[in-house]
Amino acid sequence: MSTPSAVRLQRSRRSSRPPAIVTAAAALLALGLAACGGEDSGAGGGGTYKIGIFAPTTGFAASDGKSAVNSAKLAVEKVNAAGGVQGKELKLVVYDDASKPDQAATIAQKLVRQDNVDIAVSGSYSAQTRAAAPIFARSNKVMIAAYAVDPEITQVGEQIWRIGELASVQGKVAGKLALDNLKGKKVAILYVDNDFGTGLTKAFRDYVKQNGGQIVSDSKYPLEEKDFRTVLGGIKAKSPDVLYAPGYYNNAADIANQAAELGLKAQIVGVEGYDSPKLIDLAGKNAEGIIFTTELDRDSSNPAVKDFLSGYEKKTGVKADAVGAETYDAVLLAAEALKRAGGTDAKKLVEGLKEVKALEGSVTGITGFSPQRNGIREGLAQVVKGGDFHRYATFRDPSLITPP
Amino acid sequence: MQDALTALTLGSTYVLLAVGLSMIYGILRIIHVAHAGVYTIGAYVGYLAWGQTGSVWVALVGGMAAGALSGWLIYALMYRRLLEAPRYVPLIASIGAFIVIQDLLSKPWLMGSDRLAMQTDPGLPTVGVLGATVSPEALYVLVVTAALLLALAVLFRRSDIGLQWRATASDRELAGASGVSVERAIASTFAVGSALAGAAGVTVAVYTESVFAFMGEVPSYKAFVIVVLGGLGAVLGPVVAAFVLAFAETLLIANAGFVLPRDAIAFLILVIVLIVRPQGLFGRARA
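As given, the protein sequences belong to chains Y and U, one line each in that order.
If you read the first sequence in the working numbering, its first letter stands for residue 1, the second for the next number, and so on.
If you read the second sequence in the working numbering, its first letter stands for residue 1001, the second for the next number, and so on.
In short, the hints are calculated from the structure, not lab data.
Built from N, CA and C at the ideal position, the CB exists for glycine as well.
Treat the hints with caution; some may be incorrect.
Below, in silico cross-link-like pairs of lysine-lysine (DSS-like), each with a Cα-Cα straight-line distance of 27 Å or less [to be verified]:
hint : chain 1 : residue 1 : chain 2 : residue 2
1    : Y       : Lys73     : U       : Lys1107
2    : Y       : Lys66     : U       : Lys1107
3    : Y       : Lys236    : Y       : Lys186
4    : Y       : Lys285    : Y       : Lys226
5    : Y       : Lys354    : Y       : Lys339
6    : Y       : Lys238    : Y       : Lys220
7    : Y       : Lys73     : Y       : Lys315
8    : Y       : Lys88     : Y       : Lys238
9    : Y       : Lys73     : Y       : Lys226
10   : Y       : Lys186    : Y       : Lys220
11   : Y       : Lys226    : U       : Lys1107
12   : U       : Lys1107   : Y       : Lys347
13   : Y       : Lys186    : U       : Lys1107
14   : U       : Lys1107   : Y       : Lys319
15   : Y       : Lys78     : Y       : Lys265
16   : Y       : Lys66     : Y       : Lys226
With the Cβ distance kept under 10 Å, some of the chain U side facing chain Y (calculated, not the full set) [unchecked claim]:
hint : residue
17   : Thr1053
18   : Arg1115
19   : Ala1117
20   : Thr1133
21   : Ser1178
22   : Ser1181
23   : Ile1253
24   : Ala1264
25   : Gln1279
Sequences are here, hints too, so could you generate the full structure?
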């Protein structure tokens, strides 16, 4: 996942700032910050377990990074308030990767060698997580990816686990949603041109084709695009029932605003990239009725979810999002692994993780892990209603929701 | 038809920024990158003014005033001291000023780095043209652009200051020797060109229904593409070039989708034009 305004920002920054020295200076500065960015527990073991986490708390993805770190802190507070793990307190060691894969790799080295953390959590995107995962695997440290979607991440070793929902699962769930729940016959697709959008679209497209839906329009857009009027005009001419538009909340807001402007009637179906209060902020009444697949159910009666939603808002002053929920669960899973292993031995941690079925206190509803160590949960769609997110549908069919 | 209207509106969002930039280049021969910073300031002041009053017209006035002031300040505090320096000096200073403006605006204690929503009600009707519709926001962009271009044309052709601008742009020393207040001509060019940049910021904010601190990134170089296409230093050239570019982008996207990012299209056209007509579409070849 990512935040589009900001992605746009980073990309355009690169292209519009000619002096290499500025970039170099920024990189040096960022490295310097990362070098002193660790919030070390100082206790060096003893009465604590150290959990290392990296997330983009500065740069274009800062809002997701902050959401991840705040949620991780919330989870640590929760575990510690309940007596820690077998009497030992959890301590977070936090690093900012600024959404740079090379920085994430450096941080991974540092977490392993210098901070000697007991277990690691990625609160970052796919590229950074992919750079860090092999380093943890080689060093025989367990790492849990919160919301990075790239399927390859967990394939580098049995030390690497994932909370988030794979694109292949989420795209299928959206297909079911479009054809069955929404009774769509004619479907249009407009997706962001990166791994995230392509992966989701592939699964969605396959499902729709196999299940008798008709795809009347299928096109992509560059991440930084803001003006969709021309393509939306073309889509309107095909009069689809459903518009599947994988992307991020910024893209979604522009698409929703401009679709309303053009009088496009198709039901917009989105993805977990939409899962941010900023979507409703930017699109206002045009966001009403948008349905998207995600992992955080605002209408859940589960006390763990209610606690998380209210706890997060109390702590930060803003509403929680899916990125935060997934990172919260990643920390809970780390604590669960430490508990089951009764220590920090990597082999025992992995054995412990293999036994996890329903993760206690899980906010995204983890019910177990697949052979490739991906979290299993019910599929979920939320709808924007009355300026807030609400439950639209859940999906239990194992053939839909089971990741590889 | 809908595509033509979209292109017309898109061209309008390009044109105000490019014309101001071209005026400033014409008079000082400076690559004024910070012009896009002025545009961003204009958009934010417009946003704040709209937040206070709910009026896009107050926003426009506020954005233009802020643009004029900040553009003039950039000239008075920075370029004026660098007029005799080699040309890369003001260029680097300009890039620096642009970065400072963006980074200051994006600070949490100022405006923050989040994109801010600006869903306005321009109080204009939705107009139907040959089966296509012009939204109130698009109509606002079109009306503001047309009015400002008209006002600029009158200023250029019919006023003393317009004459002084043209004289100073064509030969600064000769104009000074002939009794033109060169200093005043330059400062007022900056003020007016920057007011146009401020207006561009506000119209784009209304049209995209948002502002954000780095909204000037792409325009910072795209405006130069338009200015170079139009012939550096000219005023009519960039106007035509802005619309040519907008129509080319829209046509390509309408027929082929986003085969390449919108801004790549601009540079592609620039490269082709520079090969075929190095002086730009409307520039005169220099002896």
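Results for each hint:
no., hint, in the structure
1, Y:Lys73 x U:Lys1107, "24 Å, holds"
2, Y:Lys66 x U:Lys1107, "15 Å, holds"
3, Y:Lys236 x Y:Lys186, "12 Å, holds"
4, Y:Lys285 x Y:Lys226, "19 Å, holds"
5, Y:Lys354 x Y:Lys339, "13 Å, holds"
6, Y:Lys238 x Y:Lys220, "16 Å, holds"
7, Y:Lys73 x Y:Lys315, "10 Å, holds"
8, Y:Lys88 x Y:Lys238, "61 Å, violated"
9, Y:Lys73 x Y:Lys226, "35 Å, violated"
10, Y:Lys186 x Y:Lys220, "18 Å, holds"
11, Y:Lys226 x U:Lys1107, "23 Å, holds"
12, U:Lys1107 x Y:Lys347, "45 Å, violated"
13, Y:Lys186 x U:Lys1107, "45 Å, violated"
14, U:Lys1107 x Y:Lys319, "21 Å, holds"
15, Y:Lys78 x Y:Lys265, "45 Å, violated"
16, Y:Lys66 x Y:Lys226, "25 Å, holds"
17, Thr1053, "19 Å, violated"
18, Arg1115, "4 Å, holds"
19, Ala1117, "5 Å, holds"
20, Thr1133, "7 Å, holds"
21, Ser1178, "38 Å, violated"
22, Ser1181, "35 Å, violated"
23, Ile1253, "5 Å, holds"
24, Ala1264, "9 Å, holds"
25, Gln1279, "24 Å, violated"
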